Amino acid sequence: MVTVMKILEIIVSPLVALIVGIFFLGLFRKMMARIQWRYGPPLIQPVIDLVRLFNQRGFSHGAVFDLGIILSLAGALVLVLFIPIGGMCPLANSGGLLVILYVMLFAPIGIALSGGEGANPNISIGISRKLILTLSYEVPFIFIILSLMSYYQTISIVEIVKAQAHYHWSLFSPLFLSGVAYFMILPAMLGIRPFDMASAPQEISSGIDVEYGGKYLAFSQIEHALSLFIVIALFVNLFLGGGNLPVFLLKMLAVFVCGVFIHASFPRFRIEQATKYLWFWPTIISFISLIVIQLIR
Amino acid sequence: MDRNQIKKWLESPGKMGHKYSLWAVYFCTGCGIIEIPPVITSRWDAERFGVLPAPSPRQANLFLITGYVSVKTLKAIIKTYEQMPEPKYTVGFGSCPINGGMYWDSYNTIKHLDKYIPIDGWIAGCMPRPEAIFIAVTHLWTLIDKGMAKGYVKYRENYGRYRENQEKALGKLEWPRLFPIKDENE
Amino acid sequence: MRELELYFGPQHMGMVGNFSITLKVEGDRILQAISNPGYLHRGFEKLMEYRTWIQNFPIVCRMNVVEPDSMEMIYAMGVEKLAGLEVPERAHYLRSVYLELARVGSHLFGLWAYSNMLGFDTVAQWAMYHRDLVLDLFEELTGGRVYHIYIWPGGVRRDFPKGFKDKIVSALHSIGGCVPDYNNTFFENRLFYDRAKGIGKISQKEAMELGAAGQVLRATGMKYDIRKIQPYAAYDKVDWEVPIREEGDAYSRILVIRDEMIESVHMIFKLLDVMPEGPVYHRIPNPFKWTIPRGDAYVRIESSRGELGLYLVSDGGDKPYRAHFRTPSYPHGLIILERLLKGASVADVGNIMISLYVVAPEIDR
Amino acid sequence: MNKEFKQELESIFRDITVNITDDVTPVIAAAKPQILAILRFLKDKGYGHLAMISCVDWLKEAQFELVYLVSAYLKGDNEEPGQEKITILLKTRIDRDNAELPTAIPVFENAEPYEREIHELFGIHFTGHPRLLPLFLEREYKIPPFRKDFDSREYVKEVFDKIPFVEDKE
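Residue numbers (this note's numbering), protein chains in the order written: chain A, 13 to 309; chain B, 1317 to 1502; chain C, 2 to 366; chain D, -8 to 161.
Next up, chain A with everything else stripped away, as it sits in the complex (with noise of 0.2 Å):
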């Protein structure tokens, strides 16, 4: 009983993970629309969006454009699997946080393999930023993490989740400031604005989805999904306390929204401008925290 709802859950996650990933990329182009005096598109759009790309013809550069993209798009629903999702978590006991320090790389690594075989000026421009970018933010995180491993004393995402259970949250604990870096460094794990340089249309003619088209944006598209819902539910877990699926679906809610304004407000930084912003003020953040948790511990 026990393996059926295991494999059970290992099929519904990463279908959770997908629908509310790409319900939220709806809800970012209608809540934008409104922010800007505009009616917005329909809520389903990126759903006709992606229906149109599976149906048009994709340009393929060799294997090894075809395998990145694949591998990015296995390396995020990998990841799903990993983090409990209110109440399900597939394969959260098993190596919990490292884990996901190492399988976060994946998608970048899989765009920048896959990118590398288009030839295509603006996509080595855009790797080399998101490359950048990610070594930037990966500093502040790797602290953020360290200081919540322990203070928990723990690695699995599923014990930090318990033991916050009674709304106490991480984020009204001592872990309150590596709250703060994670919420800071949050825009560049989802590469929006004001950390989206890496598929800025104005500037590198949005980078590495340059030569993606058809079936390779849609790919494309759904990573994107995945991570979006990723990031926003790694931190619902890590410091608001997951809880049961509509609770937990409810709480990443208010961060995406948050997360919408942040866009809506901020035009985007050039790469060098984010990379000191990145190791200056959310890394001094959390390895203050990280020291303070130390010292309680």
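Hints are not guaranteed to be accurate.
Negatives, chain B to chain D, calculated, CB over 12 Å [unchecked claim]:
{"hint": "1", "residue": "Gly1330"}
{"hint": "2", "residue": "Phe1365"}
{"hint": "3", "residue": "Pro1369"}
{"hint": "4", "residue": "Pro1446"}
Examples of chain B residues toward chain C, derived with CB under 10 Å [claimed, not checked]:
{"hint": "5", "residue": "Cys1344"}
{"hint": "6", "residue": "Ser1358"}
{"hint": "7", "residue": "Lys1388"}
{"hint": "8", "residue": "Tyr1468"}
{"hint": "9", "residue": "Lys1484"}
If you're looking for bench data, these hints aren't it; they were derived computationally from the structure. Note that the structure is predicted; figures quoted are calculated from it, not measured. Where is the CB? At the ideal position from N, CA and C, for every residue including glycine.
For chain A, the structure is supplied; the task is to place chains B, C and D on it using the hints.
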């Protein structure tokens, strides 16, 4: 969404997807581009109809040719058009691509755009109002529905002649042929 | 790192207008930039030689789609100077109000392009909405949203309709009411400062050497404005200031544009207050037989992007013998842009280009 | 533009005519070899803004007329007030058959695109110009298109109108 729509969606999702998700290539070919910003921003908001400017021709399926086409632009237009994945739709915006418009005697603008690439629809006028773009979009919906927006098929089938016309206007083209040219006598 | 060739435009989201820059880049840094115009070359000046003096009006305004009105104005001024036509007093005021409205519209378009370039979608959409309010005024006045052909040799085509004055005032008030919003979200935003400060910096000496005019020069601290230096229309009838800044970078250029917009609105209000009554045009001879005596003339005005000049030659016939426009984007887009892009980052190409206010059809003509 | 300046010009450069019809656009007509010297002189006198270089094709006289439009920027310590109002038209005529001129880039850097344009549209060669590459045109024209003997309408008929429409093969 009424029942008819759902039926259409189930019958031919590809067609309906193309209808409601027209991503236009962002290419300012002529002065018509001045009416595109109002169309995609808050006053007219083309995103309601799923029309969105796409940053790269690979991602797009609608090509709005906005205004007169000079010889140098024609080259860029052909390159862009050939980069777009099929199915793709083209709409000529303004009088100038139709027959030269007020530049009928200019030595550097081409007069009939449909001699060089296939066009699915025209918007006449100089300058057409933004509403005209929506009429064109809804008209294009009808054409897609009826399977009449077949410009890309025409291009593939008559590629030899199109290429010949292009080379007449531009001189030798440096990029390879997109399709193998069929024998004219067949 | 590998040296790559990157084509910025003509098919590019950051490119406003059909223009292309070939960049030699190393990573994110530009080694060399080559402007590549000509995508919009229609040979206007040649076409004008085939058309009569009056027939040229619809053609001239197509030369610059962002602000067609200054093109009409300068051609009308050229023809008036060659033919020795007088313009009634009220027409001068109407022309000034009309040109300042066009300047506001054009600057709002520039604001759209610039903020869109930086990823400031929200501000961009507001600016475009407000530009449409100005276009609505033009539509009521002339019947056209974009191309108006309102200015005519010997005056303007028609007087303001009844109640039009109030409509101008209310439209400008509703734009002006949003200036604090623009300031909060855009002009005083720290990120705008970070992105634009020190980018595309040009010294006054270099700007003068390269033939700059307009905002590019005014942002380096020179009050060079043809409206003050050589007043035409009714610009000497009211008091107004030339906004300047000292730094000469993209940031100061954009702020000069904002200040100019505000100054224009104030100027319109003042002009509307002191506008005299009277006829709005002098009759011109039968346009089909209208010949202009042999001679040449150079006239210049301040368009929204800088000094706009026209060298007009007549050989005594019914058509211009030669017309040559000195458009402000020409030195800005072909020389200064190439200079400023050298050593800049790829992220700043559009930033620099739009802050120089380069309008492609003006270069190509 | 005052009388003294006219006299000064005429005393330094021989064989030039200075024609002051109105206050703002004095016309200087000079021969081809003197152009650069006059431009440099004007620049030293404060006329540091080359507004544009224009060209007129006088077909009947078989000559090109090059027009350099030079005006002044504002200065803090303005020696001659009102100087910025003036745009000097410096004209020179060259033969149509042997259309060649020295480039003005050593004096005014922004002459570069103007000369490039005139080279392309009128076929005038500027000696010493670093890059006389095509600027606007994609096609090659036998006669440069802005010359008066190039008939645009005839050209359109011959080239563009002769390209056939593509019919469907049904």
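Here is how each hint holds up against the structure:
| no. | hint | verdict |
| --- | --- | --- |
| 1 | Gly1330 | holds (24 Å) |
| 2 | Phe1365 | holds (29 Å) |
| 3 | Pro1369 | holds (26 Å) |
| 4 | Pro1446 | holds (30 Å) |
| 5 | Cys1344 | holds (5 Å) |
| 6 | Ser1358 | holds (5 Å) |
| 7 | Lys1388 | holds (5 Å) |
| 8 | Tyr1468 | violated (18 Å) |
| 9 | Lys1484 | violated (20 Å) |
Going through the hint list in order, the structure does not satisfy hints 8 and 9.
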